[in-house]
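Number of protein chains: 2
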Amino acid sequence: MRIGVIGSGAVGCFYGARLARAGHEVHFLMRRDYEAVRDGGLTVHSRDGDFRLESVRCHARSEEIGPVDWVLCALKTTALDAAPGLIGPCVGRDTRILAMMNGLGAEQRLAESFEPWRVFGGLAFVCCNRGEPGHVHHLDYGRVAFGHLLDDRDEVGRIAAIFAEAGIEAQPLDSLKQARWEKLVWNIPFNSLSVSAGGISTRRILDDELLGAEARELMLETIEAGNACGCSISPDPLVDKMFANTETMGHYRTSMQIDFEEKRPLEVESILGEPVRQARAAGHGVPHIGAQYALVRFLDRINRQELTRYA
Amino acid sequence: MRIGVIGSGAVGCFYGARLARAGHEVHFLMRRDYEAVRDGGLTVHSRDGDFRLESVRCHARSEEIGPVDWVLCALKTTALDAAPGLIGPCVGRDTRILAMMNGLGAEQRLAESFEPWRVFGGLAFVCCNRGEPGHVHHLDYGRVAFGHLLDDRDEVGRIAAIFAEAGIEAQPLDSLKQARWEKLVWNIPFNSLSVSAGGISTRRILDDELLGAEARELMLETIEAGNACGCSISPDPLVDKMFANTETMGHYRTSMQIDFEEKRPLEVESILGEPVRQARAAGHGVPHIGAQYALVRFLDRINRQELTRYA
Chain A
24 MRIGVIGSGA VGCFYGARLA RAGHEVHFLM RRDYEAVRDG GLTVHSRDGD
74 FRLESVRCHA RSEEIGPVDW VLCALKTTAL DAAPGLIGPC VGRDTRILAM
124 MNGLGAEQRL AESFEPWRVF GGLAFVCCNR GEPGHVHHLD YGRVAFGHLL
174 DDRDEVGRIA AIFAEAGIEA QPLDSLKQAR WEKLVWNIPF NSLSVSAGGI
224 STRRILDDEL LGAEARELML ETIEAGNACG CSISPDPLVD KMFANTETMG
274 HYRTSMQIDF EEKRPLEVES ILGEPVRQAR AAGHGVPHIG AQYALVRFLD
324 RINRQELTRY A
Chain B
24 MRIGVIGSGA VGCFYGARLA RAGHEVHFLM RRDYEAVRDG GLTVHSRDGD
74 FRLESVRCHA RSEEIGPVDW VLCALKTTAL DAAPGLIGPC VGRDTRILAM
124 MNGLGAEQRL AESFEPWRVF GGLAFVCCNR GEPGHVHHLD YGRVAFGHLL
174 DDRDEVGRIA AIFAEAGIEA QPLDSLKQAR WEKLVWNIPF NSLSVSAGGI
224 STRRILDDEL LGAEARELML ETIEAGNACG CSISPDPLVD KMFANTETMG
274 HYRTSMQIDF EEKRPLEVES ILGEPVRQAR AAGHGVPHIG AQYALVRFLD
324 RINRQELTRY A
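As they're listed, the protein sequences go chains A and B. Under the numbering used here, the first residue of the first sequence is numbered 24, with each subsequent residue one higher. Under the numbering used here, the first residue of the second sequence is numbered 24, with each subsequent residue one higher.
Just so you know, these hints were derived from the structure itself, not from any lab. A hint or two may mislead.
[What the hints assert, rightly or not] Not everything, but these chain A residues come out facing chain B in the computed CB check (under 8 Å): (1) L103; (2) A220; (3) I223; (4) L234; (5) R276; (6) Y333; (7) A334.
[Unchecked claim] Quick look at which bits of chain A chain B covers, simulated, 3 or more residues with Cβ under 8 Å: (8) 44-58; (9) 64-78; (10) 224-231.
Glycine included, each C-beta is placed from N, C-alpha and C at the ideal position.
Between the sequences and the hints, there should be enough to build the whole structure, so can you do that?
Below is the structure:
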């Protein structure tokens with residue numbers, strides 16, 4: 024397969040490299056790491072065994088890539104406005120687009136620019152980050168759940184098979200929407216509280232009685248909101264399982280907390296704003312999530328000095 | 024009257040000095056400003072005219088003051104645990120205690136150590152702060168509303184008269200509880216959001232669409248919680264009036280935000296914790312206030328380095 028990775032952060036590089044190692048012709052659109060990868064290749068330090076791609080097809084512009092079979096879009100959702108322009112040159116007659124992005128709404132946004140049958144969602148359950156230019160660290164997990172915007176099971180099977188054949192745990196989904204909301208059940212409480220409670224680890228949230236209770240309220244409210252939007256998510260045993268799992272993670276820094284520390288834009292709209300809007304559009308109140316949305320959106324602006332605190 | 028001011032911050036010094044100027048024998052329990060006031064007197068820089076008390080009865084220990092007619096307790100509510108020990112030596116057979124403190128619960132806490140008939144609440148609507156030692160700045164307003172823990176109107180009239188005769192606008196209250204909840208309708212949203220949204224002015228809260236909406240939700244929830252606790256507060260026109268008033272205040276820093284900046288303990292229990300507990304005890308859910316309570320309580324601990332962010 025000819026695959027174009029648009030957005031070569033940790034997730035894009037890790038899965039792109041795995042697909043390249045499995046024999047696919049993978050092209051990477053790169054910005055920060057472009058020269059380092061062009062000159063020195065891409066090194067994956069992985070729990071599953073380190074490996075290195077000596078010669079990487081990396082590009083500074085999508086036009087150099089041209090039409091592909093699959094676009095693997097792993098941009099941050101903060102770059103969604105730019106996504107169609109970056110993806111467009113890679114889209115030919117049969118091209119399909121896999122959005123490996125956080126939160127809610129990425130596939131719908133892409134479907135405003137590309138036909139819905141082209142659009143897939145990939146939910147990566149993976150812990151990885153970028154090291155020095157040209158290096159990616161894969162720390163834990165790795166499973167990807169795949170859905171299709173129109174929930175076409177055959178289509179979902181095609182992309183799941185490509186990943187599975189590359190040795191990646193691949194789970195086909197009956198409902199992309201349901202899977203996205205289920206992932207939010209963890210992402211909403213821990214990402215938002217890690218920022219709004221002062222830039223803290225998941226351990227600190229669990230250790231504080233009131234913050235832990237607020238995390239639980241946020242989880243339950245996310246489940247109810249998802250169900251109001253047509254999902255069928257049971258809080259039992261999901262909520263307890265997520266807490267138990269988080270207990271094992273130590274002083275884990277959420278992606279939002281890492282972005283906050285690095286003064287990068289937060290994925291506030293896809294993780295908080297879009298769920299709030301969809302819940303309210305379904306006539307469902309979300310006081311806990313709404314409060315986090317207001318706070319985190321504002322803290323992001325203060326953090327990036329779009330605003331001063333006063334005067 | 025023999026009056027003992029326990030807690031000689033801006034509020035205690037300002038009203039104590041006004042009562043002393045009116046001819047009362049006012050004793051001040053002082054800590055930070057003790058030596059400066061003993062040696063150089065107390066200067067009030069006031070919108071209503073500056074004045075200076077040359078010779079001030081200031082003390083480092085309550086035992087030096089002894090029994091008084093009125094204790095004016097203007098401690099921060101974060102010092103409530105210490106209050107009975109500081110007030111006790113000033114209490115004689117007929118001593119009455121006026122709690123000029125923020126939020127909810129101060130009078131009830133004092134009534135655990137002193138008979139309820141002795142306990143009054145004073146709600147100061149005043150903008151004042153301490154300058155260099157021995158100096159107090161009175162910037163605006165000044166009205167005090169007085170209530171009695173047992174809502175005895177005759178008792179309320181006595182303390183209101185003392186203040187009124189000293190030229191202070193004094194308002195007797197039928198219901199102390201109702202007045203305390205009404206004051207929270209402003210204090211809960213603006214104090215908590217000024218801290219949880221990153222340490223910001225009231226102007227920033229009003230200017231942000233989502234924070235402004237959250238402030239309104241907090242106001243409405245405070246009114247409903249107060250009413251669930253037996254008050255009778257109408258949101259109309261109170262909420263709009265409070266917003267309109269806040270519009271005129273510019274980049275106002277709330278008391279909680281000032282304490283936060285100065286790394287002092289926040290009055291989180293009296294302004295947030297106690298209202299949450301009373302509402303829940305009345306079977307009334309407070310998701311917005313509860314979220315602020317969890318966040319602000321935690322931010323206070325991080326701010327004073329009781330905890331690290333992680334590890």
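Handout entry: Cut-off 8 Å, beta-carbon criterion: hint that Y333/A touches chain B
Key = holds, 3 Å
| said: Would the hint on A220/A be counted as holding, given a Cβ-Cβ threshold of 8 Å to chain B? | reply: Holds. Min distance 5 Å.
Holds or violated: the region 224-231 of chain A covered by chain B, criterion of 3 or more residues with Cβ-Cβ distance under 8 Å?
holds (count 4)
Tell me if L103/A is really an interface residue toward chain B, meaning its C-beta lies closer than 8 Å to one of theirs. With Cβ-Cβ at 19 Å, over 8 Å, it is violated.
Report task. Let me know if the C-beta of R276/A comes in closer than 8 Å to any C-beta of chain B, holds or violated. Result -> holds, 7 Å
Is the interface hint satisfied for I223/A? The criterion is a beta-carbon contact with chain B at less than 8 Å.
holds, 5 Å
- Go through the hint on A334/A and say holds or violated, using the shortest Cβ distance to chain B against 8 Å. holds, 5 Å
#### Entry: Interface hint status, L234/A versus chain B (Cβ within 8 Å)
OK, holds: L234/A within 8 Å of chain B, min 5 Å.
Count the residues of the region 44-58 of chain A with a beta-carbon closer than 8 Å to any beta-carbon of chain B: does the count reach three?
violated (count 0)
- Task: Quick one: see if chain B covers the region 64-78 of chain A, three-plus residues with Cβ-Cβ under 8 Å.
- Result: Three-residue rule not met by the region 64-78 of chain A, so violated; n is 0.
Hints 1, 8, 9, counting from the list given before, are not met by this structure.
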